[in-house]
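A.B. asks: One-letter residues, chain by chain:
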Amino acid sequence: MEMALTPVAKISLLGISGAVFAVLIPLIGIGAFAYIMARRLIPLAKAQPDPRFDRVGERLKGLVKYWLGQYKHPRYLVAGIIHIVIFAGFLILSVRSISLVIIGFKPDFVFPGLGGFLGSIYDFLKDYAATFVFIACIVAAIRRGIFTPERYKVPEKYGKDHTFEALFVLGLISSLMIFESLYSASLVAAQYQAGLHPEYLPPLTIAWFFAKILKGAPRGLLQFLNTASYFAHDLTFFFFLCFLPFGKHFHVITSIFNVYFRKLDRGKVKPVRWGITEEELDELESFGVKYLEDFTWKHLLDFYTCVDCGRCADNCPANTVGRPLIPRFLTIKARDHIFKRFPVVGEISPREPLIGTIYEEDEIWSCTTCGACEEECPVLNEYIDKIVDLRRGMVDEGMVPQSLQKPLNALTKRGNPYGKMEKKRADWTKSLPEGIKVPVVGKKKQVETLFFVDSATSYDERLNEIARAVVQIMTVCEEDFGILGKAEKDSGHEVRRFGEEMLFQTLKEHNIDAILSSGASRIVTADPHAYNALKKDYEGIPPVEHISEYILRKIKEGRLRFKPIDDPTLVFTYHDPCYLGRHNLLYDVPRQVLDSIPGLKRVEMERCRDRSFCCGGGGLMLFYEPVEEQRMGQVRVRMADEVGANRIVVACPFCLVNLEDGVKTTGFEGKIQVMDLTELILKQLIIE
Amino acid sequence: MEILVCVKRVPDTAENEIEINSDGTDIERDDLVYSVNEWDNYAVEEAIQIRDKVGGSVTVVTVGDEESDEVLRREMAMGADKGIHVNDEALESTDGLGIAKALKAVVEKGSYDLILTGAQADDGCAQVGGMLAALLDLPYASLVNYIEVVDDKTLKIGREIEGGSQEISEISMPCVLSIQTGINEPRYVGIRGIRKVAGVDIPEMDLSELGLSEEEVAPRVKRLDYFVPEMGEGAEILEGDMEEIAEKLVELLKAKGGIK
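So the sequences go chain by chain: A and B.
Quick note on numbering: our numbering labels position 377 of the first sequence as 377, and the sequence is numbered without any gaps.
Quick note on numbering: our numbering labels position 241 of the second sequence as 241, and the sequence is numbered without any gaps.
Chain B with its partners taken away, still in its complex shape (with noise of 0.2 Å):
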């Protein structure tokens, strides 16, 4: 099975303290240290168990800077065969629709049978892999936890529902999906991992190769504004001995439909 994954170079959430700039466009980005997005990082395992077990190949593509190579490397470390990396600067400003433009153009210049991407990005709005799929006209399944080969036209894959139900659909191939985090338990990545893979060429494409202009990746959605939201209201702290606060933690779960 050939399987594209898409993956993105993001602020790591888990450590970093985001703050908003001074000029209040975007956040304070010099201290940062970024990674791949976890969501991507679950659909890039997923890829790697898939093809393990029914054969193929991994390929991981990116849209990003200079610097997103890194996630690129950092996944092929995991096990992904081949890396595309698409940058030209006219993306760096571009909005999700740009964004599921020029992965549809890579897309068309490969032959995949199965399309992943994460379910959302740290810094995203959750938009590319229905966009890709709509563009693509390929069938669409969002917040996939559970992925079986039934044979090599189709899939069936599973998505948790508000409320916790498990739901099973049939879908077939090619197709586009988005993972959800929880899919798997991706593997680690050491340094000694990414030093393997230091030297592996990375192809490069800039729009024209993918045969796009600047036009049709001209941003639509415009960011206006930037904030940390006003503190609310203090919180609430349970009083009494231990048996009394679990008691009234457990009715105040219960009235907000916390457990049933």
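Just chain A, with the same shape it has in the complex (with noise of 0.2 Å):
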């Protein structure tokens, strides 16, 4: 094609040909980028193995799902539809820009397949593309500079606001997209005075303004404009490239492996270590991460990851009441330590304890795991197994408040956190209605189904009334079941949550012989976190149910009916525990229980599903004494009653108790009545 201007390659620039310069910024570029991610793999190559090359298919789904359909992002609606916007752009522009840059050496470069009708679809894609990434751009820095919201704010003991970063790149990018356009845009101009064949430009887009302004320009300004432009866009792409990796934009190169890589299986703790069998614990020096490179190198790579978009944080109950935990910053401040001690200029430095230096104590411990985090993380970084480690590494040290000694010591002793005796853990059995009995079961009594009771619902006298629900349910369906007795120990759910990794393994050794003895072929629990545990955390057993699962499947057997709810002025709403519902993923399941209660009426808090607010954990959690504002359980009974329910409906025992602490220290006693699904059921049940 003839050109009206002189391409890039031919010019010269102070006796220089504008080639050398074309292909000396691109090896600069390249080279200063490829020193920079050298610099940054090193932490990565130093950290812990993370086994996250298997299920090759499973991880390509996620990839399509997660990052190239931005599926996390809608969850905030404008910033979501901003950043896949941009990320869209980036997509398509990558081809143009690359192209742009060898055409600067080889000025009749196509990019292969780009030549004929496809390239001309894609010319119109990409100048579209570039006009709606320029669009975002200004409103992500009018939301970023003038709304700013709430969750981008940094606290001060965390350093300076990211504001500025943020706007910085923008400006980078919609420079990009100015000078690209400009560069189309100089040369049409130049093509039409000329009367030669110019290149069409979609109308509307950046380069098609800039080519109205400048359709009466003399020549020598749109060669000016084309080159500068051109060198300009180069410039800018390579420094671009180049700061990726020394802050939050650093996402931009890792999301796609960060996504690839993700945890696969939710609700699960990674072991101690990858590839160090159970048998193997005792001969491992150190337990968990007590310095940056204990780590898996995934973990490292989270880090990098993150977009400080405060989605984490903004969902997390521990944040949100005040505890001294903000997961966005759990993040950053181990980002910046990385920074630090692995600096792209400069010697590394040596390893220091996180505990003490960019973590404290009472921030690993405030975590309830309740997954809100990683539900939301549109790069699905992972923080569960990050504070787990990190605890471990706490227990291994001794580092644990004594608030939590006390239940630890108890479970080690007897098996459950209140220091009970073991005999009497099927005391609540005792006052059932008469008739009912329940056979505890071992070698010499064995049964189909074994209700897993756990120790906060054998112990707690508010919580027996959901084992003696469990109990009179089943014996309404003519189920074959017995208890473990003084035979069950706690599950040990939190306490491996907790990072007493070898207490854990003792309580699970125990449990599976004793399970394995009742010779039942399927195990019903009504706590969630006893599920989960049963569920992931132990091997060789038979399958679990929660008990609502239980519970639907007899409704649909027909062995279960129930009396309507006659009182018309009760509002239900179900509250999910996270164990149920985020690590599980039971959402229907009670729902559909309740709605088949006739007459119930129904409503969902705001915060609901996936993401449900923790009512203040579970198990250990219950010892702990939090540095807090105020409880989670209170926040959650507000919840309630903004929605107008005045019935909370949960399908767990530690639900139970925190939100009826909720209601009774909110004043709404007598207002909002708190059950469970259990009680409910039993409540409403038809018994012939």
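Some hints could be false.
Stated by the list, open to error - Now the in silico label distances, taken between C-beta atoms and shown as ranges:
{"#": "1", "chain 1": "A", "residue 1": "G519", "chain 2": "B", "residue 2": "A235", "range": "46 to 52 Å"}
{"#": "2", "chain 1": "B", "residue 1": "S208", "chain 2": "A", "residue 2": "E625", "range": "46 to 52 Å"}
{"#": "3", "chain 1": "A", "residue 1": "V78", "chain 2": "B", "residue 2": "L238", "range": "37 to 43 Å"}
{"#": "4", "chain 1": "A", "residue 1": "H510", "chain 2": "B", "residue 2": "E204", "range": "53 to 59 Å"}
{"#": "5", "chain 1": "A", "residue 1": "G442", "chain 2": "B", "residue 2": "L238", "range": "55 to 61 Å"}
{"#": "6", "chain 1": "A", "residue 1": "G519", "chain 2": "B", "residue 2": "F227", "range": "54 to 60 Å"}
{"#": "7", "chain 1": "A", "residue 1": "E478", "chain 2": "B", "residue 2": "F227", "range": "47 to 53 Å"}
{"#": "8", "chain 1": "A", "residue 1": "H510", "chain 2": "B", "residue 2": "E17", "range": "19 to 25 Å"}
{"#": "9", "chain 1": "B", "residue 1": "D137", "chain 2": "A", "residue 2": "I276", "range": "52 to 58 Å"}
{"#": "10", "chain 1": "A", "residue 1": "K160", "chain 2": "B", "residue 2": "I18", "range": "33 to 39 Å"}
{"#": "11", "chain 1": "B", "residue 1": "E17", "chain 2": "A", "residue 2": "G435", "range": "29 to 35 Å"}
Just so you know, the hints here were simulated from the structure itself, not pulled from any lab data.
Just so it is clear, CB atoms sit at the ideal spot from N, CA and C, and this is done for glycine as well.
Need the complex rebuilt from these two chains, each delivered in its own frame; the hints are there to steer you.
C.D. replies: Below is the structure:
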């Protein structure tokens, strides 16, 4: 094609051919980028193993959904849409940017496959892409700079505000769009003036506007603009590339890997060290994460990939009630620590313990492992495994608050956190209604279904009601069932998540033996924490059902029928327990159970299903004395009140305890009542 | 600094429901779980912290039966360097003075700058620390809740006196201190820590090795009876709304000297 302007490659700058610059800039840029990336990979190479190279199909599916499809983004609609526009624009424009770099020294270069008709479609698309990205950047900048959402704020102790970096990058992106469009537009204007066939510019794009403005500009100016915008684009492009690994925009490079290597098994906790069997644990020198290098490489990649969007913090119940934990800063502090210890230029500094330097003990104990942060993260960063690993390190060093030492010692000695006697574990069965009996199973007495009660439901007087309700429901279903009695010990769900792995292993081994000797072919539990432990942490035991699944099954079999709710003023809402919902995806089962009660009026709280707000945590969390401004249970009860509910149904003993406390301490006593699903079912049950 | 800490294995009051046996001579011990006496645990933690600051070593000693080995191991898992187990049948029925004599013999076999005991034991009478100091003719301070090493001969120590005031004294070493809870935050010892020291050899000593005779440790105080006191009058239940109850409670607390 005949050209009205001299291409960059043929131009002479200070007596040197433009092509030389067009080769040098990318060479230097790519060289610098490769060096920076190599330095950034050093900590990953020093980190712990993490086998994430399996299940390729599943991982690719996730990549399409979460990375290419930006699945999590619209959960925050405005920010999500802006991001999707910029992301899609980047994908489209990457081809154009690469072509542009090559055109600088090879003027007739055409990207493979984009020569003919496809090329025309692409050119049409890329001009709109650039325009939309440009508009999205302006909207984002206004939003970031003027109407800054609360979640972007940086508390003083965590350093400076991040707005400047955000605006700077938006500026870089906008500049790229402008330079690219100006480059095209100046050429089009010159072609037009020379009566040569100009490239088609789609209407209302930035390039189209520029071409209109430059229509009558002198050729000299057009030549200057063309060359200048070319090199401005080239320089900005490579500067941006090398700038990415220095802050939150590293995600532009790392997110694709982060999403591909994502954690696939929800609810599970990573082993102490990958590749070390439970039998080999005793030989390990150190447990958990004490230094940066104790994290796995994937966890360090998480730190690199964090986008600083604050969605985790916004949904974190610990942060909401003023505990000293902000998941976002758990990551940002670690990233700053990596950048400081492993600088791009200069010496790597020696390791320092993380607790006491970047993290505080209370910060790490504040987490209830509810999983709200992980559910929200657009790049699928993990938090629970890191918290558990940090706790394992603290337990190994003896850094455990006194409030947790007592229940842990009691668990070691008595198998329950209360320190109550083993022989009293089944005392709740003594006050069952006349004629209802629960056999204690073992080698001599075998049953089909084992009811795993767990500590809280066995020993807490209020929670005994749940155990008794389960027994009565199963009796109505004519189930052949029993309990382990004193042979049952705590499931250890929280023991493990609080970092006391060896104690968990002991409890687990004991329980597996007891469960297997019961001869049961199915386990049912009313405690989602026990449910999750038996399902995800134990191996070689019969299948486990939560009581809500059991009840729904029995409703479908026609074994359970209910009286209608006769009080029309009752408005029910269902609170999703973290370990039933987010960690096991049982959102619909308990709702279906509720909806099978005739006349039951049910509303949803704003935060429900995968955005459910933790009640305050279970197991050992009941003993921990956190620094906080209010209790999670109080916040949750107000959420129920906001939607007009006066009956909160839970499906977890700990939710029951925490929300009942919440009702008592927020003045809702007499107005709002909390009940377990099993209690409601028993109350409405038609017993013949 | 060479530090000796005296520890005792006791029924864990937090994890047990204590009942008197049928003949009223002792508590029902079949279903009990045992642990290290809480005060002693604070003393060991303090000793470890001092050692980590100024160097030296921490030795833990217990007088007790075979089972007492477990509390020594627990404290060694915490960080104590050595353990000494005094085990002799004649010591099973002894009193506080007998224990103090046995401990005195242990102290004299070594060379210690500082000897720590718990202020009292869950099942004890808070007497061994004082008796031990007197037998050794060493300076003694009880209920210590603060220790600062001034130099290798002197300590600054604090104790809380009735009403919450703090008293600071100076004491020269070697000396005996009985430690109050709250002086520090004892570290956690998990199963892993205990397994690590499971194989460590702990020397066991009987009376003859200590140069004591059975007569010397024979009890001079004899227990006569054991019973749960009769339940007194019922508790007073405050009535009224939240504010009234709070007001009445504040008045009551003031009247009884709970708050000023």
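A.B. asks: Now tell me if each hint is right for this structure.
C.D. replies: Right, here's what the structure says about each hint:
Taking 46 to 52 Å as the suggested C-beta distance range, the pair A/G519 and B/A235 conforms, at roughly 48 Å. Between B/S208 and A/E625 the Cβ separation comes to about 50 Å, which falls inside the hinted range of 46 to 52 Å. Checked against the given bound of 37 to 43 Å, the beta carbons of A/V78 and B/L238, roughly 54 Å apart, lie outside it. Range check, A/H510 to B/E204: Cβ separation about 31 Å, and the 53 to 59 Å hint is violated.
A beta carbon spacing of about 48 Å between A/G442 and B/L238 contradicts the range 55 to 61 Å that was offered as a hint. In this structure the supplied range 54 to 60 Å is violated for A/G519 paired with B/F227, their Cβ-Cβ distance being about 46 Å. At roughly 50 Å, the beta carbons of A/E478 and B/F227 sit within the given window of 47 to 53 Å. For the hinted restraint 19 to 25 Å between A/H510 and B/E17, the CB-CB distance of approximately 22 Å keeps it satisfied.
Here the CB-CB span from B/D137 to A/I276 is close to 55 Å, well matched to the stated 52 to 58 Å. Taken as a hint, the range 33 to 39 Å is violated for the pair A/K160 and B/I18, whose Cβ atoms sit roughly 58 Å apart. Between B/E17 and A/G435 the beta carbons are some 30 Å apart, a value that agrees with the proposed interval 29 to 35 Å.
Hint check: violations occur at hints 3, 4, 5, 6, 10; the rest are consistent with the structure.
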